[in-house]
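Taking the hints into account, I'd like the entire structure generated from these sequences.
2 protein chains.
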Amino acid sequence: MSALKGACIIGQSGGPTSVINASAYGCIKTALENENITAVYGACNGIKGVLDDNLIDMGKEDPAELALMKYTPSSALGSCRYKLKDASVDDTDYKRILEIFKKYNVRYFFYNGGNDSMDTCNKISKFMLENGYECRVMGIPKTIDNDLAGTDHCPGYASAAKYIATSLMEIYHDARVYDTGMITVVEIMGRNAGWLTASAALACAKGAGPDLIYCPENDFDMDTFIAKVKEIYAKSGKCIVAVSEGIHDANGKYISEYGNDLSNAKDGFGHAQLGGLASYLAGVLKTETDAKVRGIELSLLQRCAAHCASQTDIEESFNSGKIAVEKAVEGLTDRMVGFVRSYDENGNYVCNYELFELTVVANTEKKIPAEWFNETKDGLTEDFVKYALPLIQGETQMVKEDSLPRFVHLKKVKATV
Amino acid sequence: MSALKGACIIGQSGGPTSVINASAYGCIKTALENENITAVYGACNGIKGVLDDNLIDMGKEDPAELALMKYTPSSALGSCRYKLKDASVDDTDYKRILEIFKKYNVRYFFYNGGNDSMDTCNKISKFMLENGYECRVMGIPKTIDNDLAGTDHCPGYASAAKYIATSLMEIYHDARVYDTGMITVVEIMGRNAGWLTASAALACAKGAGPDLIYCPENDFDMDTFIAKVKEIYAKSGKCIVAVSEGIHDANGKYISEYGNDLSNAKDGFGHAQLGGLASYLAGVLKTETDAKVRGIELSLLQRCAAHCASQTDIEESFNSGKIAVEKAVEGLTDRMVGFVRSYDENGNYVCNYELFELTVVANTEKKIPAEWFNETKDGLTEDFVKYALPLIQGETQMVKEDSLPRFVHLKKVKATV
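Listed in order, the protein sequences are those of chains A and B. Everything in the first sequence is counted per our numbering, starting at 34 for the first residue and increasing by one. Everything in the second sequence is counted per our numbering, starting at 34 for the first residue and increasing by one.
In short, the hints are calculated from the structure, not lab data. Hints are not guaranteed to be accurate.
Given that identical chains are not distinguished, each listed pair holds provided it fits within a single copy or across any two copies.
Unchecked claim - Calculated lysine to any residue pairs in the SDA-like style (CA-CA distance at most 25 angstroms, straight line):
(1) K400 <-> Q426
(2) K268 <-> G285
(3) K261 <-> G240
(4) K81 <-> V122
(5) K319 <-> Y287
(6) K433 <-> Q344
(7) K81 <-> I133
(8) K268 <-> R114
(9) K400 <-> L245
(10) K239 <-> Q430
(11) K116 <-> G214
(12) K419 <-> H442
(13) K325 <-> Y115
(14) K419 <-> D435
(15) K118 <-> G214
(16) K319 <-> Y115
(17) K445 <-> M215
(18) K400 <-> A182
(19) K286 <-> K410
(20) K444 <-> S269
(21) K271 <-> G309
(22) K445 <-> G92
(23) K38 <-> E132
(24) K419 <-> K433
(25) K261 <-> D185
(26) K325 <-> G292
(27) K419 <-> T71
Here is the structure:
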């Protein structure tokens, strides 16, 4: 393939993670250093920034300040939840994107996000191809949900998992401080896939985890749940439960809908907004036991707690951005960077980087294998721990100032042609 | 004063903190090494462990394992919320305590807790004195609430403050990720004193904190609050609010009582159990704006997040336990170890250790000075930041195993005479 000279755009989409900026920084830094890439533009708020001609010139940022992106949570360029229509239905957005690409001579498009973002990449790539505009499109994955197909795991997952496991170990000790009865229900993110909630099993592996873990991969039965909690509570006077926000009964009804009138708020992609499950289940258990019952929602702390990020996750995220640029310049397009796991001769985890076809990745959700759940579907097996533990290794090398995080401040100089 | 030979008891009381075990370890280690102290007993679940003759022999623990107490959150010996009656009303408990002290030849009693625990110390000390039993009593402070009188600050506060400031900086970034309207209400612990909530101002000092901070030191007016949020939201499309669980109106009514039927659950000392304020205020703001509004309760994570503890807090806590033993052996009694701040010739913070009379400390609550609030009572001045910032310095030296905390496992061998 021939060298393609031109500008690049990097955009970020979907919910925040602790390391999505590490990926973007890997992409931006590598692109700034590549002689075939004539300019590096950041799209403000993802694809909306392209549509609105709201681009910033990453070359105008101070390199030392830019480097702080690697340890800054959330999306430094801003994010969106904007879903492109099928071009066959309405190609207005695509025409506009092409117009902007031509205006800035954009020949490389990097999009940093989850399944929906990979779908966006795929659609743009197809449209450009059909319209004879040469532009290489690369997806850079991120999602705390860990549900992208193909890749062994997703950037962002491990840092969230580490925060969840660490917090659960701390909650375990807190919940045992009095010799009085105590039941704790911890609600963890995860709509359809239980990877985040499952990470509570890492705390169990250290002897300080929840007694029960419920993921949306399995149907949740309220009577069985209550009986289990009562049994554990009767034995030890304590019970800690980790539940995924997306747990549902055999009819597919969310447990969070049992008690609350679900507000029917939907995000931009039509997913229901869940929440309040912990307090609902805490209420149920209060009426069923004499224990003090506490519901805890880890809330958005689990996705933005960069101070507890996995350095392995940070480095892999950085590399995924870097490799996206390198492979695009080499001539590849329409791919997502992904991870393939291997083990060296000493049994140590090794992360290998591979490219996956966007069509394979887009809009498919990867769930926890059924055999990684215990028989009663309220806990994980050793296989899950073997899978997740290598991913959370290493403490963040985050820069601190006065012992508080020193997060990036971008100048955000508007791009000009 | 003459050397007093005998055993010692250390007990822990009240709610968990990240560093109460650092204090206890400072006490236990120093006592184990002191030739005048013939045995070191840990009271299981505080004063209840004394009443129940449920003591463990700290000398039987492996020293290397015991050292992990320094970085383990919550009370490793177990805690209680047991309030001793006045001896003049009912001296049953005191007689029993004296009986146990005599049984084990206890001549030193160290009690690690907040205001209520200092009150317990004070009462026991008086009873022993009146009954001619020589026993030196020392209070070792702890409380994330930072509300003990006399001392400049309290062990446990700084670590909670650091976690709160760090989490708020992360929430700040998360809340700005979309270009759509977003209001976030973060509920922070603190019944009568706003020290914990005020620590959100440390995030403001780093340019990534809440727009509004409400503490229980000032009356909260709902109309003013709504108007302020609307004004900030209209300007920037975002607003982050930090509220103390104990905020109340001019009539003293808790704001958390406005919406909820308060469960009237009381803890052992007759304090009302608060909670649910964030979601109540989020609900109010939802009806008043077109923003997406999120309520976040930091919940018990703020008191047990040892992974984000201040090493300054850990060392000061350790020292307070150590000094309690040293001063008791020297002949002092009926005191609490406290901190007095000074600054060295370079303007660096220095912590000095002093002893305070228990009668001064017990049952008094120290609040934030009125002049440390801004004029509109919805923020803190630079004076607060100057006060708090030195306390949160230094990253925890916590031992990790597989990049997760390695918390202490005590053998808890029952004490025998």
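Verification of the supplied hints:
1. K400 <-> Q426: within (23 angstroms within a copy, 42 angstroms between copies)
2. K268 <-> G285: This pair counts as neither: shortest intra-copy Cα distance 32 angstroms, inter-copy 42 angstroms.
3. K261 <-> G240: Only inside one copy: K261 and G240 sit 19 angstroms apart there, 47 angstroms across copies, limit 25 angstroms.
4. K81 <-> V122: within (19 angstroms within a copy, 72 angstroms between copies)
5. K319 <-> Y287: both (20 angstroms within a copy, 24 angstroms between copies)
6. K433 <-> Q344: both (15 angstroms within a copy, 14 angstroms between copies)
7. K81 <-> I133: So K81 and I133 pass the 25 angstroms test inside one copy only (12 angstroms; across, 72 angstroms).
8. K268 <-> R114: between (47 angstroms within a copy, 23 angstroms between copies)
9. K400 <-> L245: within (19 angstroms within a copy, 41 angstroms between copies)
10. K239 <-> Q430: Classified as both: same-chain Cα gap 24 angstroms, cross-chain 19 angstroms, threshold 25 angstroms.
11. K116 <-> G214: between (48 angstroms within a copy, 19 angstroms between copies)
12. K419 <-> H442: For K419 and H442, the Cα distance is within 25 angstroms only across copies (24 angstroms; inside one copy 38 angstroms).
13. K325 <-> Y115: So K325 and Y115 pass the 25 angstroms test across copies only (16 angstroms; inside, 43 angstroms).
14. K419 <-> D435: between (37 angstroms within a copy, 12 angstroms between copies)
15. K118 <-> G214: For K118 and G214, only the inter-copy Cα distance (24 angstroms) is at most 25 angstroms; the intra-copy one is 54 angstroms.
16. K319 <-> Y115: between (41 angstroms within a copy, 23 angstroms between copies)
17. K445 <-> M215: between (50 angstroms within a copy, 21 angstroms between copies)
18. K400 <-> A182: This pair counts as within: shortest intra-copy Cα distance 9 angstroms, inter-copy 54 angstroms.
19. K286 <-> K410: within (18 angstroms within a copy, 46 angstroms between copies)
20. K444 <-> S269: between (56 angstroms within a copy, 18 angstroms between copies)
21. K271 <-> G309: Both. Shortest intra-copy (22 angstroms) and inter-copy (23 angstroms) distances satisfy the 25 angstroms Cα cut-off.
22. K445 <-> G92: within (10 angstroms within a copy, 61 angstroms between copies)
23. K38 <-> E132: within (18 angstroms within a copy, 88 angstroms between copies)
24. K419 <-> K433: Between copies only: 18 angstroms across chains, 32 angstroms inside a chain, cut-off 25 angstroms.
25. K261 <-> D185: neither (33 angstroms within a copy, 47 angstroms between copies)
26. K325 <-> G292: Both: 20 angstroms inside a chain and 22 angstroms across chains, each within 25 angstroms.
27. K419 <-> T71: neither (44 angstroms within a copy, 47 angstroms between copies)
When the structure is compared with the earlier hints, violations turn up for hints 2, 25 and 27 and for no others.
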